[in-house]
Every structure is written in structure tokens, then in C-alpha cells.
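Place chain Y on chain H using the hints.
Number of protein chains: 2
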Amino acid sequence: MKKRQTNKEQKAVILLSGGMDSATTLAVAGAEGFECHALTIDYGQRARAELKAARRTAAARKVKRHVVLKVDLRAFGGSALTDNIEVPSAEESSGIPATYVPARNTVLLSLALSWAEALGAYDVFIGVNAIDYSGYPDCRPEFVMEFEKLANVATREGVSGRKFRIHAPLLRLTKSEIVRLGVSLGVDYALTLSCYNPKLDGRPCGRCASCALREKGFSEAGTDDPLTKRK
Amino acid sequence: MKKRQTNKEQKAVILLSGGMDSATTLAVAGAEGFECHALTIDYGQRARAELKAARRTAAARKVKRHVVLKVDLRAFGGSALTDNIEVPSAEESSGIPATYVPARNTVLLSLALSWAEALGAYDVFIGVNAIDYSGYPDCRPEFVMEFEKLANVATREGVSGRKFRIHAPLLRLTKSEIVRLGVSLGVDYALTLSCYNPKLDGRPCGRCASCALREKGFSEAGTDDPLTKRK
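Just so you know, the protein sequences line up as chains H and Y, in that order.
Using this note's numbering, read the first sequence as starting at 1 and increasing by one per residue.
Using this note's numbering, read the second sequence as starting at 1 and increasing by one per residue.
These aren't lab readings, by the way, just hints derived from the structure by calculation.
Heads up, the list lumps identical chains together, so a pair's fine if it works in one copy or across two of them.
Here are the simulated SDA-like cross-link-like pairs (lysine to any residue), alpha carbons at most 20 Å apart as the crow flies:
| id | residue 1 | residue 2 |
| --- | --- | --- |
| 1 | Lys11 | Gly77 |
| 2 | Lys163 | Gly135 |
| 3 | Lys70 | Gln45 |
| 4 | Lys11 | Ala75 |
| 5 | Lys64 | Gly77 |
| 6 | Lys64 | Arg74 |
| 7 | Lys70 | Gly44 |
| 8 | Lys11 | Arg74 |
| 9 | Lys64 | Ala75 |
| 10 | Lys163 | Val144 |
| 11 | Lys199 | Pro226 |
| 12 | Lys70 | Leu51 |
| 13 | Lys52 | Asp42 |
| 14 | Lys11 | Arg162 |
| 15 | Lys199 | Asp225 |
| 16 | Lys149 | Arg165 |
| 17 | Lys149 | Val159 |
| 18 | Lys70 | Ala49 |
| 19 | Lys163 | Met145 |
| 20 | Lys11 | Lys163 |
In isolation and in its complexed conformation, chain H is listed as follows (with noise of 0.2 Å):
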């Protein structure tokens, strides 16, 4: 991927969770050239994990600032991922899974334009994907499209001022196609980590739903995964 030196010091706004999707979704917005802030948004997650994750991609990608907000969602209730609701296994996984967060991408994504307003960004990039995913309603096209809309009506810059654009750049790729895109554009994957249920050391659990599709991309693009590989 070419640097567009036109977006030679914009800024963007990165959702970063300490996940392959979104590192590789950094390692984009750097590529096309802009000034990265990385936001993570510390939801109260189980995996505590993911957070640290976060905070060494953002080092290793030299953002300009990296931001973890909380937002504690336990607070409502309702996810594996956030209480202790049992984080089903890939196979028992069916339909929208129990480690669905009610309407978290909608949650990141406004707190993500809320910080772009504010530094003067008009871009808001998200690792979203709607191919080898968990069947989130918030990962799909529609959503992406219909929050670019809603930005554009809810803000001073959006009503008066430029556009903003809500950037999805892995929404139409295959995990092996994200893999492959990381991996050309330098993407350390040993630093990220994608489970929904890591063990007390930080490993990821290898049998979650997220676990078996980073396993199928690596796989399927040829190549190891950092993180899991024997030494």
C-alpha cells in the first residue's frame, strides 16, 4: 500500500482493542499516511489482557497519542465478555453469541468522533469485519454507512465544516486477507491478542470463537501466528 501523501499530517482517530483487527486497521490509517491517535476504551472487559496489548501495539506503531478511556459497561450488565456469563467454545457458538456487548460499536465509535471533533480529525478508522466474524449486527456494512451518516448530522464540523469519514478498511476481507495485509505493512501480530477468554498468564485460550478464526487465518494465509507458534 502506497503512502497518499494527502493525508500527510491529517489527523485520524484509531479504535485500537488489542486485537490482529484493529492493529492491522492502525497499520492502515499509517500507511495512507495520517497522524494516529489511538483510542482504546477500557469497557470492562474480562480480558484485561487485551488492554495491555493494546498499549504495546500503540508503542510499536508510534502513535502520536494513545488514549484508554474507561466506560465501565458492567454497569448494565448483559455480556460473556463483560460478566460472568460462561464465554461459549467456537462450536457452541450459533446466531449472535453470548459475548455480543450491547451496542458496543456504536458506544466506541461516538467516543471515537467525540475525541475527532475535538483534535480537528475528520477520520475515525474501526477494525470491523463482516466476513470471517462473529455475526455482531455491528460489524456489517450497514452500521459503518449508517454511522457516517449520523456523524455527519451530530456535529459542529459535520453540519458546517468538512465530512467525516468513517473508515473500515478490513470490513470486506477474509481473516487470511487481513493477515496477509498486516504482515506486508509490518504488523508485529506476537504483540496483539484476539480471545475472549485469555488464561491468567495472558495465552489466549485457543478454543473461543475469536481464537479459532485468528487460528483459520493464519492458516489459511500460510503463515504462523507470532503469538502461538512453538519456539
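The following block gives chain Y in isolation, referenced to the frame of chain H:
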């Protein structure tokens, strides 16, 4: 306003700031028969007395539950309501004023939506008003309509179950109509606080745009404001 018995035992989430508009909105939701769950976002507003006013109002209206959630938007900067930027007087305000918090209502509604979906509620109330207001883009009918559309592509329920509805019962009322409506529903406006820049003892400043609008509303409704009238 008559109770619509159809809403009996249906839950709703009501955004409650502590100001007169959201207190009136809460009363409307109650009068319509909803079981009320009030949500206050502590976004780092300088007017800390607002949060106390929200607690007083929630208690007085006997809501089912009141959640005060901390989301520190000061991490992003950019508004006189959260930062050390001087709050302009009513006369100084023109266009979208310095008190605009970037994408605030998008953030508030996204959190209300998250709680609603977790609760099994399909109705979210917000006290925005596009008549006697400060010119914020996220107080307009277009914004409320777009958010409702988003809610129904962003959530498990919106996509596959019942539709969400974003209620903005004050949207097209003048401030004096809001006062009359609230008085008719028994709202105790002495418990509310609408000021952007209250004094240390919690009393309103009497000179910001919000104080001016409140005064105009009570004056045109021919009612004393119980918060400021001399005893």
C-alpha cells in the same frame, strides 16, 4: 397527559442530566406508563452540582434504577463545559457556542442504547429541544431520527427483534411549553439545575445562555421558578 396503559411494565431508559428539560422528559416517560431507568453520564462536566440535581430528581420521581456512569470526556478536550474555557454569557453566544461538547448527545444516546438493549427496553428518552436551545447540532430532529435509524441496524434486537424508539418529547416545544408540561406532571423544578456555570454553593450563575433560556421559559409560562424566586 393520560397514562397510556399499553406501556405498563415496559421499561424505558431516560437520560437525566439534572436540568429542567431532562426532568420534564422523565416525567413524560412516567406519565406514559413506562418503568423508568434513569441514566446520568458524569462526563467530567464542570457543573458538578448538575449530578446532585440528577440524583435528587431521580429519587423524587421514584425511578426503578438510577445509574451514574463516569465517562471522562475531558480526556479529549474541546468544550467550555468540561475544560477551563470561560463560559460565555447569553449575549456573547452566537452560532454554535463554546459550551458545545463534541458529539455529546451521540455518546449519551449510545450509552442509553447499550443499557436499553441489556435491560430488554426498547424505548430511550432524551430531553433535547430544537426551539429554545443553544444551537447544538445534536439537538435537532434530524439527529434524533438518524440515531433511531442507527439503533436499529446497530443492535441484536433492532435487527432481529422489536424496533428501538428514540423519544424526544420536548423536541418541538418552546421553553414555556416545557415549563407548563412539567408543572402539569408535578415536576419539582426546585430540584433541578440548568446552569452551565453554577456558583460554588450550587446556585445558578444567572448570566449564561442556559440560565437566560430558563428564565424566559418560566416568565413566559407565567410561573415562578422555584429555584430562583425570592422567598
